[in-house]
Amino acid sequence: MSGAPHSVPSTEWPDAQGRFGPYGGRYLPETLVEPIEELERAYTAVQSDNTFLSAFAHLLHTFAGRPTPLDFAARLTEHLGGPRIYLKREDLLHTGAHKINNCIGQGLLTLRMNKRRVIAETGAGQHGVATAAVCARLGLECCVYMGTEDMERQRLNVGRMRMLGATVTPVDSGSRTLKDAINEAMRDWVTNVRTSHYLLGSVLGAHPYPRMVRDFQSIIGCEARQQMLEAEGRLPNTLFACVGGGSNSIGLFHAFLSDSSVRMVGVEAGGRGTHLGEHAARLAAAAGYTGARPGVLQGTYTWVLQTDAGQIATTHSVSAGLDYPAVGPEHAWLADRGRAEYTAVSDEAAIDAARTLSRTEGILCALETAHAVAELIRRAPTLPRDSAVILNVSGRGDKDMETLARHL
Amino acid sequence: MGGLEPNARTRIGRRFEELRRSGDLGLVAYLTAGDPSLEATRQIVLAASEAGADVVELGVPFSDPLADGPVIQRASERALKGGTTLRGVLDLVRVIREQSNVPLVLFSYFNPVLQFGLETFAACAQSAGADGTLITDLPPEDSSDYRMALRSRGLDTIFLAAPTTGEVRMRQIASVSSGFLYVISRTGVTGERDSLSDDLPALLRRARSTTTLPLAVGFGVSLPGHVSILGGLADAAVVGSALVAEVERASSADEAASNVAARVRLLKQAGIHGMSRREAAAAERGSET
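In order, the protein sequence lines correspond to chains D and U. Everything in the first sequence is counted per my numbering, starting at 1 for the first residue and increasing by one. Everything in the second sequence is counted per my numbering, starting at 409 for the first residue and increasing by one.
Calculated from the structure, these hints are not laboratory results. Be careful, since some hints might not be right.
Negatives, chain D to chain U, calculated, CB over 10 Å [claimed, not checked]:
1. A4
2. E12
3. E30
4. S173
5. R194
6. S258
7. G299
8. H316
9. G338
10. E348
Partial list, computed: chain U residues near chain D (C-beta under 10 Å) [as the list claims (entries may be wrong)]:
11. P473
12. L474
13. P478
14. E485
15. R486
16. L488
17. L494
18. N509
19. V521
20. F524
21. T528
22. A531
23. I543
24. P548
25. A570
26. T573
Note that this is a predicted model, so its numbers are computed, not measured. Beta carbons are placed, not taken as given, at the ideal position from N, Cα and C, and that holds for glycine.
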């Protein structure tokens, strides 16, 4: 499994127009349309280019540290009285989260397109750090936009990006979080589109980003599926992953989409309440969270937290990486079809879950991941003791220590 | 040649016909609706129209204006803080229409229009007296429902062409546009610039060779010198951030209306047929003192 190109499981979605059912598409200012068509062509070309795929696999192995282990969580399993819990350890990757998988792919694609400058947004800072590291490795100029509120709560990552040679530009408009960082990154992109590649960090934005980022992240599920078959001789019953934009979850889910026996649970940020403005739950309406409707934000048609008049709402989550008003269009489509289910857990439950995982397994996970852990803990009593689940540990929690320290 | 002829049945089409006959460069004035209030916008629009604006674009404020520079971002924030909604902007169109015949274009990001409902939006825009609509983040590919709704109400659908738009695509954009084609002068967001892009004449020649629609050039057009350069190359100049900045600087609606009107007069003057670059430069120096 080391260093060989993985083959992305094929699916019928998205279609040629970049649609997942009704969701997705390409809602962009005209200036960006022909450049993004060029990106789509470049991405299509490298999918069957062995030189590219080998370089991608090589860097995933030697630079990022793939494959990551599928780690049996014996003490957490015992603590909860089952099910059998396996942790997919993306937190062990270089720079500390799954984000680097996509950054290596898009970084190599940037070189292919003969561009030398990379633009990125970041919320928790994990995508920014991964982008900065890949840019340094590949000799690309790197400019990262980050909301000032996020810079405050993720100070460690701001320092890491700067140490890696990236320019970090504070964004002080709107809610001063991820959404506003994306707006500013898109303004840079529309200005410097001839020389710069926008390295979007999640399965969001205009076609082909939701597909391309999913494909680059699909290695998570490809590895986990094989590892589970080796460990247990069977497929898992349920998958758990947190959903901000949705890249770590889609990365895990993708390889299992045609395994109809495998249930998939995406966990959004329930924040501090169910009213609009108190949470970042776009698909968890069944759990009582209000304010989401289909709409267009930042290039894609998907479920968006918004006012009746179509203004995008501010969101709240203790976790900067989940604090975003829209969800990746493929998740909206999986939810519509009932192929995956989506729920949300509160700030408080996430923090408690981070503590539980730390003390039972010795793994200090990111606050984003902690949302998935909290949902697993909540559901454990309802799951058969001998069933097997995979939880994607999307990132490590060092960056969240200032927040967590207040709750010790 | 692709594209629709200027539509003589709409106010926009008739205005561009008049401009073609006179040889003057048209002036399209953009203002963010509701900045700082809808009543102030009413006064400012009427003043701009009396001062010579040929078409007025009313910007519908949006929380995430990703194609706009800081001036229009701030105006949108002020308008939203004041409670401006698309419904309010449509009411404003009705009030302006009772007092003026100036062609009015609604300029919006897609989401507020989508949430309003495309059919309802088209019906309300028509009955209020709007003449056309332009959606910044809706390229032709995903726009068929929108176009059908607007066209069935006799409204012009204006699309944008950019410096990155090649010839094939330019033809496609022109074929779905009516009223005029909005040509983005340079890559980037809206906002004032010292000079126009060197590539602009080539872009306008490319547009001219693909469509008979009037060409209106925007993004970075703010000074009389810019406007006078466009004479002969385009049919109209679109001025936005420079006017919105006048509104921002003013301490009352009256002051905003009179400063916007002065700026419109100056720019309109620079576009009048026959004005030389030297005269435009002199007018520009005069405006700074």
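How the hints compare with the structure:
1. For D/A4, the shortest C-beta to C-beta distance to chain U comes to about 38 Å, beyond the 10 Å cut-off, and the non-interface label holds.
2. Every C-beta of chain U lies more than 10 Å from that of D/E12, the closest at about 20 Å, which supports listing it as non-interface.
3. With 10 Å as the threshold on Cβ separation, the claim that D/E30 sits away from chain U is violated: the shortest Cβ distance comes to roughly 4 Å.
4. Consistency note on D/S173: stated as away from chain U, yet its beta-carbon is not over 10 Å from all of that chain's, at 6 Å minimum.
5. With 10 Å as the threshold on Cβ separation, the claim that D/R194 sits away from chain U is violated: the shortest Cβ distance comes to roughly 7 Å.
6. Every Cβ of chain U is farther than 10 Å from the Cβ of D/S258; the closest lies at roughly 29 Å, confirming the non-interface assignment.
7. Remark: the non-interface label on D/G299 conflicts with the geometry, its nearest Cβ contact in chain U lying 8 Å away (cut-off 10 Å).
8. Once the 10 Å rule is applied to beta carbons, D/H316 is consistent with being away from chain U; the minimum gap is 16 Å.
9. The Cβ of D/G338 lies farther than 10 Å from every Cβ of chain U, with a closest approach of about 25 Å, so its non-interface assignment holds.
10. Look at D/E348: its CB is around 28 Å from the nearest CB on chain U, clear of 10 Å, so calling it non-interface holds up.
11. Contact between U/P473 and chain D, as hinted, is supported at the beta carbon level, the nearest pair being about 8 Å apart and thus within 10 Å.
12. Hint status for U/L474 relative to chain D: holds, with the closest Cβ pair at about 5 Å, below 10 Å.
13. At about 9 Å, the closest approach between the beta carbon of U/P478 and any beta carbon in chain D falls short of 10 Å, and the interface hint on this residue holds.
14. Because the smallest distance between the Cβ of U/E485 and any Cβ of chain D comes to about 8 Å, under 10 Å, the interface hint for this residue holds.
15. Proximity of U/R486 to chain D is violated relative to the hint, the smallest CB-CB distance being about 13 Å (cut-off 10 Å).
16. Because the smallest distance between the Cβ of U/L488 and any Cβ of chain D comes to about 6 Å, under 10 Å, the interface hint for this residue holds.
17. Annotation: U/L494 was flagged as interfacial toward chain D, and the flag holds, the nearest CB pair being 6 Å apart, inside 10 Å.
18. Hint status for U/N509 relative to chain D: violated, with the closest Cβ pair at about 29 Å, above 10 Å.
19. A cut of 10 Å between beta carbons decides the hint on U/V521: the least distance to chain D is about 8 Å, and the hint holds.
20. For the restraint placing U/F524 at the interface with chain D, the shortest Cβ-Cβ distance is roughly 7 Å, inside the 10 Å limit, so the hint holds.
21. Checking U/T528 against chain D by beta carbon gives a least distance of about 12 Å; that is not within 10 Å, so the hint is violated.
22. Because the closest C-beta pair between U/A531 and chain D is about 17 Å apart, greater than 10 Å, the hint is violated.
23. With a least beta-carbon distance of about 9 Å to chain D, the hint placing U/I543 at the interface is held under the 10 Å criterion.
24. Below 10 Å, beta-carbon pairs count as interface contacts, and U/P548 has one with chain D at about 9 Å; its hint therefore holds.
25. Contact between U/A570 and chain D, as hinted, is supported at the beta carbon level, the nearest pair being about 4 Å apart and thus within 10 Å.
26. Taken as an interface hint, U/T573 checks out: its beta carbon lies about 6 Å from the nearest beta carbon of chain D, inside 10 Å.
In this structure, the earlier hints numbered 3, 4, 5, 7, 15, 18, 21 and 22 are contradicted, and the remaining ones agree with it.
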